[in-house]
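There are 2 protein chains.
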Amino acid sequence: MAAGKLYQHGTLGGLMAGLFEGTLSIHELLKKGDQGIGTVDSLDGELIVLDGAAFQAKGDGTITALKGEEKVPYAAVASFEPAFQLTIKEKTAADAVKQQIQENMSSTNVFQTVKVTGTFSYVRVRAVEKQEKPYPRLVEAARTQPEFEAEKIKGTIIGFYTPELFQGVAAAGFHLHFLSDDQQFGGHLLDFTLDEGQVSLQMIETVEQHFPVSNATFMGNDIDYANLQEEIDEAEK
Amino acid sequence: MAAGKLYQHGTLGGLMAGLFEGTLSIHELLKKGDQGIGTVDSLDGELIVLDGAAFQAKGDGTITALKGEEKVPYAAVASFEPAFQLTIKEKTAADAVKQQIQENMSSTNVFQTVKVTGTFSYVRVRAVEKQEKPYPRLVEAARTQPEFEAEKIKGTIIGFYTPELFQGVAAAGFHLHFLSDDQQFGGHLLDFTLDEGQVSLQMIETVEQHFPVSNATFMGNDIDYANLQEEIDEAEK
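Quick mapping for you: the protein sequence lines, in order, are chains A and B. Count along the first sequence starting at 1, add 390, and that's the number in our numbering. Count along the second sequence starting at 1, add 390, and that's the number in our numbering.
It cannot be assumed that every hint is accurate.
Any copy, or any two copies together, can satisfy a pair, since identical chains are not distinguished.
When the alpha-carbon atoms are kept at most 20 Å apart in a straight line, the in silico SDA-like pairs for lysine to any residue are as follows [to be verified]: (1) Lys421 to Glu471; (2) Lys479 to Val529; (3) Lys542 to Ser511; (4) Lys627 to Ala540; (5) Lys448 to Ser415; (6) Lys544 to Ser604.
Hints were generated in silico from the structure; no laboratory data involved.
Kindly generate the complete structure, drawing on both the sequences and the hints.
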């Protein structure tokens, strides 16, 4: 099985602590991978990277195709070459899909890129809303985030499985975003029912963790990671 | 300040859980950096990489120059270009040296390569002893590890500062090894008094985390990270 490489800019821990300033351009990010997730400057929505194109699912429910100059405070992308594929032919709830994915992963000790394309009878997403400075902690911003639902929709789930040891660096377990085929609906995936679709997986051999070393807020801040585990559980599940 | 790149093979968390099998050759490791630390297959001593050469400080107190075929389960190396230097001209205890280093680091939110060359009036190191399968957890192996002391010795401290968020992936804070100039004394640094010397630092912009994906024990194991924080505190400080 060919192993892949994951590139992460910033950390989930930094994002949870309120580091929402964009520090890497979409243009630079897309050089590092063609599939992935993240957020946009000022926590302005959910980032979805699919097949080399970047989309922003905003708090008002709209989707914007990004042009390249926009900046991200946190994002993870991989150059995806599916190494394992699984077809699901019957209606399957989110937990059961995740269980099938996990059973077919090469290991739970490495990161994995996860992609599910198909028809969904139900999808529920959230999209964080743009924040103003001074930025709150993510858990506070996430408490008022809008949620959106769709039924009978074709689309793609994209994201990563993160091994337990890397909780805080990223979100341990599955961290998945969604974008509909018509690019009109998407966000951070909260729940879904898959009607039929294809799961693709690739394990990650190398994670390239990049820090925003030119950002004074990141470099100078005494980052408060208190309650990080609990805040991730509340905001990212 | 020119920022560097850190390459880490395996994780401290995996090592703490008893993953002691060597999974990357010294030859391959040295392609990734010329300064660093780690351990050797079967937890057979402390690895010290200085100026592109690798040394093994074994549990019997001897130092072996490694040839390249030897394998490591865990190591971190950087291509080091000092971006900050500080000369210490008077006798200074370990804690005060570390405090001076920390005050001069560009940030505590990024990894930093730390090197101190000089004359030491006192150095205390430990060197873990080779383990047999089935491997214990590192904290158990470390409870019986031999310690060694030297006085009036010239040598080099090499290692890394790891930001708090990466505790478990590596050892948060300073993780330092020592090698004497005559290559006869070294190991995991426990304590020292510097008479005079030069501190060199370089911040790390990118960490390349490599996983031993060809190792069945790593891939198949349900790694037990219980008490990881406490075990690192006991075994790595």
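Hint check:
1. Lys421 to Glu471: within (16 Å within a copy, 26 Å between copies)
2. Lys479 to Val529: Neither, since 37 Å and 48 Å both go past 20 Å.
3. Lys542 to Ser511: within (4 Å within a copy, 74 Å between copies)
4. Lys627 to Ala540: within (19 Å within a copy, 53 Å between copies)
5. Lys448 to Ser415: Result: close within a single copy only, 18 Å intra versus 47 Å inter.
6. Lys544 to Ser604: Neither way: Lys544 and Ser604 sit 40 Å apart in one copy and 37 Å across, limit 20 Å.
The structure fails to meet hints 2, 6 from the earlier list, while all remaining hints are met.
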